[in-house]
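Here the protein sequences come in this chain order: A and B. Per the working numbering, residue -18 is the first one in the first sequence, and the count goes up by one each step. Per the working numbering, residue 18 is the first one in the second sequence, and the count goes up by one each step.
Keep in mind that the hints were calculated from the coordinates and are not lab data. If you're wondering where the values come from, they're calculated on a predicted model, not measured in any experiment. Mixed in with the good hints, there may be bad ones.
Straight-line Cα separation of at most 25 angstroms, BS3-like style, residue types lysine-lysine; simulated pairs [as the list claims (entries may be wrong)]:
| # | chain 1 | residue 1 | chain 2 | residue 2 |
| --- | --- | --- | --- | --- |
| 1 | B | Lys117 | A | Lys300 |
| 2 | B | Lys65 | B | Lys117 |
| 3 | A | Lys306 | B | Lys121 |
| 4 | B | Lys153 | A | Lys270 |
| 5 | B | Lys169 | B | Lys29 |
| 6 | B | Lys65 | A | Lys98 |
| 7 | B | Lys199 | A | Lys98 |
| 8 | A | Lys300 | B | Lys121 |
| 9 | B | Lys29 | A | Lys98 |
| 10 | B | Lys65 | B | Lys90 |
| 11 | B | Lys65 | B | Lys323 |
| 12 | B | Lys121 | A | Lys98 |
| 13 | B | Lys121 | B | Lys65 |
| 14 | A | Lys300 | B | Lys199 |
| 15 | A | Lys192 | A | Lys98 |
| 16 | A | Lys300 | A | Lys264 |
| 17 | B | Lys90 | B | Lys169 |
Chain A stretches covered by chain B per the calculated footprint, using a threshold of three residues with CB under 8 angstroms from any CB of chain B [said to hold, decoys possible]:
| # | stretch |
| --- | --- |
| 18 | 6 to 19 |
| 19 | 48 to 58 |
| 20 | 107 to 119 |
| 21 | 272 to 280 |
Glycine included, every Cβ here is placed at the ideal spot set by N, Cα and C.
Letter by letter, the chains look like this.
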Amino acid sequence: MVEIIVDVISLAAIFAIVTLSLNLEYGYTGIPNFGKVFFVSAGAYVVGALTGRIVIWIYNLNVDFIKENSLSVTIINNVLSKDIFLSLALFFIVLIISIIVGAFLGFLLSFPAIRLKEEYLAISLLILGEALRIFAYNYEPLVGGTLGVSVPDPFAWISMLNINRFYFYAILLGLFALATFIIINRITNSPLGRVLRLIRENPIVAEAYGKDVVKYRMKVLMISSAIASMAGCLYALYTANVIATTYNRYDWTFWPWLMLIIGGLGNNLGAFLGAFVVIIIRKIVIMYKYAFEEIFPFRIEWLEYILLGIIFILILIYKPQGILKEKPVKTLDRKRIEEIRKSSSKL
Amino acid sequence: MIYQIVVIVILKSIIYMVIEQIYKDAIVYSNLLALASIGLTLTYTVTKVPNFAHASFLTIGCYVTLTIVSLFKLNVYLSIPISFLIGSIIGAIVYIFVIKQLMKRGADIVRIMIATLAIDIIIFGAINIYADVLDKIGIFSRNFILRDFDIKFNNIEGVLIISSLLIISLAIFLYLFLYKSKYGIAIRAAIENPSLAKVMGVNVENVYLFSWFFSAGLASMAGSLFPLWFAAFPDTGVTLLPPIFASSILGGFTSIFGTMIGAYIIGMGESLLVYYLSLIVGYWILAYKQMFSILMIFITLLLFPKGISGIIFERVIRKWSR
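Throw the hints in and build the complete structure from the sequences for me.
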């Protein structure tokens, strides 16, 4: 039971990060990003391609990371479990690279994103996610093609200290999700957040007030892509392997949208809640899978697809605002405004 | 004399094209692509919804054919009308219970697009359940190919002829229907200006329903011919989504005849161009075949967003205005 709760926390934390970034994009700024999988998988592929190779390069190990994958991962994990400093450095290097890659891809994609109409943008981002999957599936040197690669664990030293790896990851990922929540909450409750809502409601008015809509959209795409890429990086490290088929559009575009709409558009707490609700539903289905499988002549995953799809459509039709509604932006409280007025009237 | 030589050369090249396997591949593929992508264009122009579930209707067609051939042991070509019927009924259900409800409640385009993604996932799940059930009763339902059940006319595979005939007759039918019949004129009026069309007594709801009904049927019909030539899986729709969208976008996304041209460019490019490239640079490039359509989408959207029809029609207008 404890294992299941730990797994739910880790998975929900990762999906919460993705959903929060989607909330910043669509919930606040109105950019329909149907290519979430593109940015998430970019982060994951950074992990798959680089983590092992960096260690091989530093220690001059004589193994080929892709061709002798399981051997090299065993060797690398052995090395990493002895060297805590290198492991931590490796973790942060990979994390930062994936964030930079995500931000760069967001920057690149913001050029078409600004020009295209909503539906064309959605189509091209959706198709782009497919493109990256096809590329990673066929180009072996990246993440091992059809077989995928195992990823060395930068927290291999944890098991030396007699700490359960999964408990540790649940705490780590939970902390990352919390940090993301705080950062995005700060952004959306700042003057920037108010501008973003204005852009979502009416970009022409925003421009009339002298706000550079193009620049704001670019910024938002960069920030949220970086966050999504970070989530992909964390997921790859958590599952300790990267294979292109994991990063499909059902798991990483459809689920975050579902979580966002269930939780509530334009509400960060809602995005968090949505991630937990969906992950718990999925876990329950998986838990009772074997009991059902004796009754039905098919795999239960497919029933889960249908179930969640129908729930999603019902929510879209009957409760489009989600569980938690969007709240008005927080401004300064009354006392603070009075203080400012007094101090300014003294001048 | 010159005419005779030209005619002989053209005839010989046609015969050559029909005989060579790779050309057959290209022709069948582009025919099916055209059949499928016309529907996408139709729903987009009429209801302004890019239907992400469109390719899944094609997969439904694949499984209708499998059922008819393997379960009921009937003629393969019986599946064309049956799959059209099944696909179009599902399309109509989707419109009535999802799209119409969303439109009635004033949902914006993004919400409707997400809803089509949800429909896609529901159909995907349902098809997988069906495939599992077929597997249980001993019918091989994943990665199946039904070439052996095809009928041959003079050593030419039936699917080659039937799909070509289908697309030609569909083009003629659509032209007559949209430009000569009264209902077609009503459809075009509803596309141009829905509220004005309503005032003039056109039942716009009906037109929307018809477009979903018809386009889902077309996609499913294309799917019914698909396993006669290519291997089909439950994820056939997932892999065919990029080329279908590419042919629609290349054709301008609002022009049915532009879409047909686009489908042939995408289909021929994806099979022939990549094949010839593979002879030059090596066979590894065949794995990236799907990238062609993805690239075409981006080139079209960034360089000439109105697509082929935009270019052609602008030229025609310029010529006429001179």
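Do the hints match the structure? See the list:
1. Of the pairs offered as hints, the one joining Lys117(B) and Lys300(A) holds, with about 16 angstroms between alpha carbons and a cut-off of 25 angstroms not exceeded.
2. The straight-line distance between the Cα atoms of Lys65(B) and Lys117(B) is roughly 12 angstroms, inside the 25 angstroms bound, and the hint therefore holds.
3. Distance restraint check for Lys306(A) and Lys121(B): the Cα-Cα separation of roughly 21 angstroms lies within the 25 angstroms cut-off, and the hinted pair is therefore satisfied.
4. For the hint pairing Lys153(B) with Lys270(A), the CA-to-CA distance comes to about 18 angstroms; that is within 25 angstroms, so the pair holds.
5. Distance restraint check for Lys169(B) and Lys29(B): the Cα-Cα separation of roughly 21 angstroms lies within the 25 angstroms cut-off, and the hinted pair is therefore satisfied.
6. Proximity of Lys65(B) to Lys98(A) is assessed by CA-CA distance (about 12 angstroms); at most 25 angstroms being required, the pair is judged to hold.
7. Taking the CA atoms of Lys199(B) and Lys98(A), the gap is about 33 angstroms. The hint is violated against a cut of 25 angstroms.
8. Proximity of Lys300(A) to Lys121(B) is assessed by CA-CA distance (about 14 angstroms); at most 25 angstroms being required, the pair is judged to hold.
9. Taking the CA atoms of Lys29(B) and Lys98(A), the gap is about 47 angstroms. The hint is violated against a cut of 25 angstroms.
10. Restraint check for Lys65(B) and Lys90(B): not satisfied, since their Cα atoms lie roughly 41 angstroms apart, outside the 25 angstroms limit.
11. A hinted pair counts as satisfied when its Cα atoms are at most 25 angstroms apart, and Lys65(B) with Lys323(B) qualifies at roughly 15 angstroms.
12. Our distance criterion of 25 angstroms between C-alpha atoms is met by Lys121(B) and Lys98(A), whose separation comes to about 23 angstroms.
13. Distance restraint check for Lys121(B) and Lys65(B): the Cα-Cα separation of roughly 14 angstroms lies within the 25 angstroms cut-off, and the hinted pair is therefore satisfied.
14. A distance of roughly 40 angstroms separates the Cα atoms of Lys300(A) and Lys199(B); the hinted pair therefore is violated under the 25 angstroms criterion.
15. Our distance criterion of 25 angstroms between C-alpha atoms is met by Lys192(A) and Lys98(A), whose separation comes to about 20 angstroms.
16. Taken as a hint, the Lys300(A) and Lys264(A) pair is honoured in the structure, with Cα atoms around 24 angstroms apart against an allowance of 25 angstroms.
17. For the suggested pair Lys90(B) and Lys169(B), the alpha carbons sit about 18 angstroms apart, so the restraint of at most 25 angstroms is met.
18. For a cut-off of 8 angstroms, the count of residues in the stretch 6 to 19 of chain A with a CB near a CB of chain B stands at 3, and the three-residue condition holds.
19. For the stretch 48 to 58 of chain A, the stated coverage by chain B is not satisfied: 0 residues place a CB nearer than 8 angstroms to a CB of that chain, which falls below the threshold of 3.
20. Counting residues of the stretch 107 to 119 of chain A whose beta carbon lies closer than 8 angstroms to any beta carbon of chain B gives 8, which reaches the threshold of three, so the coverage claim holds.
21. Requiring three or more residues with a Cβ within less than 8 angstroms of a Cβ of chain B, the coverage given for the stretch 272 to 280 of chain A holds, as 3 such residues are present.
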